[in-house]
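Following the UniProt record's numbering, the numbering of the sequence shown begins with 1 at its first residue and continues without gaps.
Since the hints were made in silico from the structure, they are not lab data. Predicted model only: the values in this text are computed from it and were never measured. Backbone N, C-alpha and C define an ideal beta-carbon position, used for all residues, glycine too. Don't take every hint at face value.
[As the list claims (entries may be wrong)] Simulated restraints, written as ranges between beta carbons of each label pair: (1) Q550 - R660: 32 to 38 Å; (2) R660 - S1012: 53 to 59 Å; (3) E640 - S709: 34 to 40 Å; (4) G609 - E674: 49 to 55 Å; (5) Q290 - A457: 43 to 49 Å; (6) I472 - D601: 41 to 47 Å; (7) E503 - T482: 38 to 44 Å; (8) R449 - A308: 34 to 40 Å; (9) K371 - Q290: 29 to 35 Å; (10) T482 - L47: 37 to 43 Å; (11) S454 - Q361: 42 to 48 Å; (12) S486 - V458: 39 to 45 Å.
[What the hints assert, rightly or not] Below, computed lysine-lysine pairings styled on DSS-like, alpha-carbon distance capped at 25 Å: (13) K510 - K700; (14) K758 - K746; (15) K510 - K645; (16) K986 - K1027; (17) K1032 - K927; (18) K1020 - K950; (19) K475 - K510; (20) K889 - K986.
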Amino acid sequence: MRFLAFFKNPLFLSILGITALCLAVWFGGAYIAFGNPPTPLSAMARLVIIMVLLVLWGLNNLRIQMKQKNQSDNLIEDINKESAQVAPDNSASAEESAALQARFNEALSTIKTLRFGEKGKKRTVYELPWYLVIGPPGAGKTTLLANSGLQFPLKEKFGLKGIGGVGGTRNCDWWFTNEAVMIDTAGRYTTQDSDAEVDRSAWQNFLKLLKKHRPRRAINGVVVAISISELLMLSRTERTQHADTIRSRIQELVSYFEIEFPVYFMITKCDLIAGFTEYFEDLGQSDREQVWGITFPYEEQAANRNYADYFSSEFLALAKRLNDRLIWRMHHERDTKRLAKIENFPVQFEQLKDVLDAFVQEIFAENRYQKPPALRGVYFTSGTQEGSPIDRVLSSLSSHYGINVQSLAAPPGQGKSFFINRLLREIMFPEAGIVGLNRGFERKLKVIRAISISLMAVFTLATIGVWASSLIQNKRLMSEVTEKISEHETAVQASFGSNYDMEKVDAVLKPLDEATQIYTELSAPWLSSLGMYDGSVPESATKAYYSGLQQYYIPALAYRLQTILTTTKDDEELYNALRVYLMLGDKSRLEPEALTRWFSDDWLQEYQGKAALQGELKGFLADALTHGYQPINYNTVVLEQARNKAREVPIERRIYNQIRNHPEYSRLIDLELEVGRSLKAAFNDTSNGSRLKVPFLFTKAGYDKLDLSKDSDLVRKFASEQWVVGTETTEDFTDKDIENIAEKVKKLYLAEYTETWKSALTTLRVKSFANMNDARNILKTLTSTTDSPLVRFLNIASNQTSLTPRLAQLASKSNAANSNSAAIGGAVAALQENALPPTQVDKEFSKLHDLIDTNALENVVRKLESLSELLEGFALSPSQQAAAFDFAKGRFQGAGDDPIRGLLVESNQSPNPLKGWLGAIADESWKVVLGNSKAHLNQAWNSRVYQPFKASLGSRYPFSGASGDVALADFTEFFKPGGIEESFIKEFLTPFISTSKNWSPKSLNGRSIGISGAALTQIKRADTIRKVFFRKDASAASVDFTLTPTRMDSSVRRFELRFGETRVRYSHGPKLPVSLSWPGEGDNSIRLLFEDINETLRDANYTGDWALFKVLDSATVKKANQANTFFATFDVEGRKVDYQIKANSFLNPFQSSWMRLYSCPTSL
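Model the full structure from these sequences, guided by the hints.
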């Protein structure tokens, strides 16, 4: 056990741990590399780390010892302070109380300097287990402790007795042993026979102190000591009161400390049991130190504690063991009196069972209100043999038979302690740790411990994970670099040769570039700090990448420039490419921004739609310029040819091109952003934004910044770039030359300035109006007082094209500064004399400037507002379409001025592009108005014309081949003059169509209402029907005609045509005309009758108002020379007769086919 205890010693484990850690540092440090390049830890570095670890370990041990000492000292000091604050017992004199206080303080001072325990296991008083010993007065608690055989460090100074407590522990004895601190309550705090309130307050202050300084385990257990004499001599009621009091005190401690501690129930003064001394007299020292009693199994759960049953069975087992030893003990005893006591002792012991059973049950039984105290055992002890033994057998006989029995005499001899020493040393003190913990404090500790363990676990797992992932990641990264190098080599072998195709160059360099980024993207310095990073890998990849740039990329750039120099036909492109080519071979001429800009523009055109490729090529170029490259060797043939071509371009053109392409002047100003989002709401950009992005060079700010005077440094600078064309040694410009060049450059500049703004102004088109709401919204945008895109754009254009101050502007400023007319006149004359001459740009856009300066634009906005109000009025009217129709009808009828007309007039008077915009706005508005008018017209036509025609005419003869006939009344009502059809035409259509010759829609401002040709054809046919049938009587349809026979079959003797009551006969006689009118009087049915020579009759009958037309439909009709005459052959069963039919109008009414061609249109 001692051997195992050595290995469990915390100091040994601590030494073992620090030794293992130092060994790990010493041997493991040689295998872990740090830094860049990675270097293993040196022996000196490892020794320094080990020394730091040892110092930290030593300091931590010192901290722990200091903490333990401070805890002990603080506990003792607080006990001392608390005792001084409590008032002395009234029963004691002031001198006696002072003496007790002084003695107690002296004892505490001595304890602070002591270490308790055996050698090698010294502990402070704080670290020792603490026990409370409670029991009624005279229970033998003090005797038990004094005769326990324990070592008392204060024995020499204070004697073998407890230290009397003061304050909260007055009338208590403190026993300081090497194994534990025992506080003997002397019975007072169990029974509380004296001043209860004072005792309770002082005692609770002391308990509070213990709980404060020993928060986890304020005490390690409670010893309940009660003498056997009290158990046997007290009545049942008194024993019950004792049991309740003890249980109540134990529960108070449990509740206050919030822990569950073991309770050791000691029955003292067992020597008072008759025969005890004689029975055990033969025991030696070691036998007397053994434990005599019952140790209960430790059950943490209160529900498992069945103390009564276990005690009963184990008590009988103890009694049995006494009986088993009885024969042996009697065999060795010669004194007959003593022999009788020995023989009777087991019986005496068994007689205790019922009393002890009941007492244990009352203290430790479970009830519905409280958990039972944790009874650890019931033990029998004897500290010294004093007093007269109690004979339970004789007492029972005396009470039963009335026999007077004399008390037994106390046994002679010196007192010895029985069954105490090993009970304390081997049962109680080793179990000091089984006491429960403070639940509240433990909850806090659990939370703290859980958080600490979690953080440690997370940190440990994170450390392991980071190291493992770093190792895995580093291997993966190395593998990726190797893979990229392989891809590079494969690309070189497969596709790269003398052909410097940039896509092939990209395929070769991209793997190398990606290899250099593998470590960069993953923060290599951070990996290096973990000892897992090999810096030589990315360094090699970087070298390979820059070598590849020099070997493949730079020659490819030169090849591209040479290709352009030999193929381009554009002078500007030639010069710029030549300039960059020379930079690539002469670092003294290098301008990184110019070179990057040229290649970026070239790749944008060459590899359009390949944004990834362009980005990669730009990255290569940036890396080459940053790292540096070896200048190229010029192709002298290509260079000389290019310079010869460049020298053919006038110098002013070369200088101007350089100015125009300069980054400061070539940056684009987006007019759409300048105007605002409203621009897109009203206008379409026909150039998709290209013309609205104006280079800064062609703005007023650019013009003001650009110095093209004879003293211009800019012109001189670009004129000095003769190294590009190779004439720097042959050309030397004088000041006059520079002045002439500057003037020519300025002309080129102003010409392009003019064209740029012309393009910007003409690229905008007014959006098409999809409908009335769209038109209203666009007009609202155009007439906005704060955000009109039309006004803003024109103002911007005017400002940007007014390069020199205009006289009107100067005069306006002068008028504001002068108040009298004479001064104003003089100022204007002075301005006219000193005004700068307008530039070409000012002249080109002078009309636009006049529009702005004279506030004429405000009149334009008012015209637009009038038009907007007109359309808003349509929207607010009960019927938008009807209102639009009335307006359109009025315009076609020539009703006065209107907003559309006014806008057209304003358009004709305005300069471009405003002229086109206003014309388009007027046209689009007129289009929307006519569209709404057409919708209203169709709606009216459908309800007033088409639906009546469809209901009564459309599906009947003669307008269809149906058997049903059109009623003459319906026909008349629809077609008569002033009827349904004609009244609609006059009311709605007359202003919109022309009927002079060929019927056609009228047009106004280039637009008609949109009546279709098919609809006009039907309207014209309706007019023809009206003229034919209502020529004689406007209120009734009628047709006059004559019938004249021309030929009849020879087999026919007689032909007769019955038309109502009229008979038309022919019998091969004179051919006389017969005049008829349709409709006839009465019945309009017709019968055709043929009578043969043999008097056989053949006939055909036709009924209805339209019978005449049906007869003609069945006949064979031939045209005659005259329009109003035709020939008809009537045929009934093969018998034929020919008649000439002549109408009284040149419009032949009997051609029903043209009537059937009439179909009332559903819409116009």
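Okay, the hints, checked on the actual structure:
no. : hint                     : in the structure
1   : Q550 - R660: 32 to 38 Å  : holds, 34 Å
2   : R660 - S1012: 53 to 59 Å : holds, 56 Å
3   : E640 - S709: 34 to 40 Å  : holds, 35 Å
4   : G609 - E674: 49 to 55 Å  : violated, 30 Å
5   : Q290 - A457: 43 to 49 Å  : holds, 48 Å
6   : I472 - D601: 41 to 47 Å  : holds, 45 Å
7   : E503 - T482: 38 to 44 Å  : violated, 25 Å
8   : R449 - A308: 34 to 40 Å  : holds, 38 Å
9   : K371 - Q290: 29 to 35 Å  : holds, 32 Å
10  : T482 - L47: 37 to 43 Å   : holds, 38 Å
11  : S454 - Q361: 42 to 48 Å  : holds, 46 Å
12  : S486 - V458: 39 to 45 Å  : holds, 40 Å
13  : K510 - K700              : violated, 45 Å
14  : K758 - K746              : holds, 18 Å
15  : K510 - K645              : violated, 37 Å
16  : K986 - K1027             : holds, 16 Å
17  : K1032 - K927             : violated, 43 Å
18  : K1020 - K950             : holds, 18 Å
19  : K475 - K510              : holds, 22 Å
20  : K889 - K986              : holds, 12 Å
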